[in-house]
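In order, the protein sequences belong to chains A and B. In case it helps, our numbering puts the first sequence at residues 1 to 423. In case it helps, our numbering puts the second sequence at residues 424 to 698.
Watch out, some of these pointers could steer you wrong.
Unchecked claim - No farther apart than 30 Å at their CA atoms in a straight line, the calculated lysine-lysine pairs in the BS3-like style are these:
#: 1; chain 1: B; residue 1: Lys452; chain 2: A; residue 2: Lys316
#: 2; chain 1: B; residue 1: Lys515; chain 2: B; residue 2: Lys582
#: 3; chain 1: A; residue 1: Lys316; chain 2: B; residue 2: Lys687
#: 4; chain 1: B; residue 1: Lys687; chain 2: B; residue 2: Lys452
#: 5; chain 1: B; residue 1: Lys582; chain 2: B; residue 2: Lys687
#: 6; chain 1: B; residue 1: Lys580; chain 2: B; residue 2: Lys561
#: 7; chain 1: B; residue 1: Lys515; chain 2: B; residue 2: Lys452
#: 8; chain 1: A; residue 1: Lys316; chain 2: B; residue 2: Lys515
#: 9; chain 1: B; residue 1: Lys582; chain 2: B; residue 2: Lys561
#: 10; chain 1: B; residue 1: Lys627; chain 2: B; residue 2: Lys561
#: 11; chain 1: A; residue 1: Lys130; chain 2: A; residue 2: Lys145
#: 12; chain 1: B; residue 1: Lys561; chain 2: A; residue 2: Lys316
Said to hold, decoys possible - Just so you have them, the derived chain B footprint on chain A, three or more residues with Cβ under 8 Å:
#: 13; stretch: 309 to 315
#: 14; stretch: 384 to 392
Claimed, not checked - So the derived label-pair ranges between C-beta atoms look like this:
#: 15; chain 1: B; residue 1: Asn638; chain 2: A; residue 2: Thr315; range: 25 to 35 Å
#: 16; chain 1: A; residue 1: Pro302; chain 2: B; residue 2: Ala447; range: 32 to 42 Å
#: 17; chain 1: A; residue 1: Glu228; chain 2: B; residue 2: Leu500; range: 17 to 27 Å
#: 18; chain 1: A; residue 1: Arg299; chain 2: B; residue 2: Pro482; range: 26 to 36 Å
#: 19; chain 1: A; residue 1: Thr51; chain 2: B; residue 2: Val585; range: 36 to 46 Å
#: 20; chain 1: B; residue 1: Ala678; chain 2: A; residue 2: Thr315; range: 37 to 47 Å
The hints are simulated quantities; they were obtained by calculation from the structure and are not laboratory data. Here the structure is a predicted model, which means the values were calculated and not measured. All C-beta atoms in this analysis are idealised placements derived from N, C-alpha and C, irrespective of residue type, glycine included.
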Amino acid sequence: MRERQAFLDVAGREGNSFVVRMPYRRTRDAIVQALLLLATAVAALSLSALTFNIIDQSFGLVLLEERILRESLAVGDRSLEELSQAELVEILRAKLRPNLLQRLESERPLPQRSQAELYALVMDRVVQPKIVRSWSLFESLFGRKAILQELGEPLPPGQRLMWRSWLNPKFVTSPAGADPLRAGVRTAILGSLWLVAIAMALALPLGIGAAIYLEEYATPGRAMRLVELNIGNLAGIPSIIYGMLGLALFVRALQPLTSGALFGMASPAPNGRTVISAGLTLGLLVLPIIIINAQEAIRAVPSSLRLASYALGATKWQTIWHHVLPSALPGILTGSILALARAIGETAPLIVVGAATFITVDPKSPFSPFTALPVQIHQWTTRPQAEFRHLAAAAIIVLLLLLLVLNAAAVLLRARYSRRQLE
Amino acid sequence: MNQTFTLVESSLLMEDNRNGQGAAAIEAKDLCVYYGSFRALRDINLRVERHKVTALIGPSGCGKSTLLRAFNRMNDLIRDCRVEGQVLFAGKNIYDPDVDPVAVRRWIGMVFQKPNPFPKSVYENIAWGARINGYRGKMDELVERSLREAALWDEVKDKLHVNALSLSGGQQQRLCIARVIALRPEIILMDEPTTAIDPLGTAKIEELMRSLAQNYTIIIVTHNMQQAARISDYTAFLFLDRDRAGILVEYGPTAELFTRPRDKRTEDYITGRFG
């Protein structure tokens, strides 16, 4: 081996003009490889830190206080939840102040109400659970002893320490509310879905249409370069500027349209701060992304395919519709996924356009006031109470899951289409 | 619409004339083709005989493919490309303003250097062209007949619904030929159709071209002189003039052109003494 190495070195030196410098080049390779590994590690680490932070806040111990312990309301071995309707009525009649009871009875007599309704009423008016303190998952797992010590034994009457998953089925299905124990994200999820649907309904046909025109019809020249340059720039404009545009155009100028007044669907106090205004704003926001990606997908279709079509006596549109678009579709769908992800995560333009910061009514039509998941998250994170931080973390998980579901749907669609083409 | 009818009717007229010998299938008259300000072809006069194989040979860049594309107006798809002079097809100049290039291409089909079947099924590759051109007959029959004519039926009859891209290169090229035949064109233009095909596939395609010549006029661009000699009835030799524009140097029956070339440049080129 040593002889061989010597030979290689000599050969290097005897070649006069060639200096092999093997060890030096090898070292440099190793350094580069280490740096690349480092880059990957930093990226992976920051992503795990993000995930850890979200999960840390979504689960953990809470110190719950109940004015009247729900166990004390149990009858025999049946818990409060399992009690019959009549038994719940009895509890309410026994525990509530007379004037409150009277008011409830006059709204609708208690015996006529369902068991679930009565149970909610008992929880709400009698048990009155409240969160006194909450801890993160990390603190709960590794600092349990310290927590117990700090609280002291025994706990004050009515208080108890328990595990809570802030992300739970009820969280997803309940409307927003002021009580952190019962607030949910249904309103925000529906708002986000409405927004994405409207944004895509606007941006997909416009974006793909513009891309087809630019790639297949427009004659290249200074005018087209200018248009393309502008579209490229639009894709990079800060989203809050789109918010300003949406505010001026959809909310103010087109108010009769966007408030639904023209269709006789306006809310009692008509204004343009509706789902459709925000949806259209997001549509404009993602339009350049869709155009650019669709253009690239169309450009990638081999010209031999177009020539084959033309040579068989096809017109331009027949060529585009039957050959160019089907071949470009997977690429166009990829661009749409990117656009969708962008639209669902945008916050700033929605706030400018006027997403409601507190709303408990589901959006029912394009002309409803609305909130969206990122706006809801933003709003919760700005609250001083710790409980809302947990809610925000749980909402982030919901947002990410929603994004995952929508993306998966688009990816499946793309896979199905590519496969059909290859059959 | 009008132009389409003109061409269809002219083509039917030609059908009656089929027995007449020496009828021109297509004819270039004083044809010049420009790319921007560059003249690629100069004053081409070429009468292509019906139901014969005509080969276009010449060095790279002499405008063989440009001439081929001028015959079915594929040059229209190239930006800055301009044509002067006439190309007479069925008694009509296909560059007249009242002629729709789309209608021209339906009668003058084209096969390319690299096989370019559509990324669809074998069946659909043939049916599509027929469908967009308003074919009203039985599609299954048309597909089978076209594939048989292209000597491909036996190889693909069990995989009509697999993707055409899964066929071999030679099979793909014959599918492209079948796709053109399905439209019953007058002329089939072939731009170096065997360059990307292995020798065995090339042999099959050459054999196919000979048999197709009974019913179709074939114009083929080739770099392979042996191929031109093997399969063509007529050969046109193109060369570059001083301005690097393509000119037609010599045109005649293949046997004659290869054995007794009249022009010195032709002789140099076909004997490989190329300078």
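Hint-by-hint comparison with the structure:
1. B:Lys452 <-> A:Lys316: Measuring from Cα to Cα gives roughly 29 Å; hence the hint holds.
2. B:Lys515 <-> B:Lys582: Measuring from Cα to Cα gives roughly 41 Å; hence the hint is violated.
3. A:Lys316 <-> B:Lys687: violated, 45 Å
4. B:Lys687 <-> B:Lys452: holds, 24 Å
5. B:Lys582 <-> B:Lys687: violated, 51 Å
6. B:Lys580 <-> B:Lys561: holds, 17 Å
7. B:Lys515 <-> B:Lys452: holds, 12 Å
8. A:Lys316 <-> B:Lys515: Roughly 24 Å between the alpha carbons, so the hint for lysine 316 (chain A) and lysine 515 (chain B) holds.
9. B:Lys582 <-> B:Lys561: holds, 19 Å
10. B:Lys627 <-> B:Lys561: holds, 28 Å
11. A:Lys130 <-> A:Lys145: Holds, at roughly 23 Å.
12. B:Lys561 <-> A:Lys316: Distance ~26 Å between lysine 561 (chain B) and lysine 316 (chain A) Cα, so the pair holds.
13. 309 to 315: With 7 residues closer than 8 Å to chain B, the stretch 309 to 315 of chain A meets the three-residue bar; holds.
14. 384 to 392: Check failed, 0 qualifying residues.
15. B:Asn638 <-> A:Thr315: 25 to 35 Å: holds, 27 Å
16. A:Pro302 <-> B:Ala447: 32 to 42 Å: The hinted range 32 to 42 Å holds for proline 302 (chain A) and alanine 447 (chain B), with Cβ atoms some 35 Å apart.
17. A:Glu228 <-> B:Leu500: 17 to 27 Å: holds, 22 Å
18. A:Arg299 <-> B:Pro482: 26 to 36 Å: holds, 33 Å
19. A:Thr51 <-> B:Val585: 36 to 46 Å: holds, 45 Å
20. B:Ala678 <-> A:Thr315: 37 to 47 Å: Holds, since alanine 678 (chain B) and threonine 315 (chain A) (Cβ atoms, about 42 Å apart) stay within the stated range.
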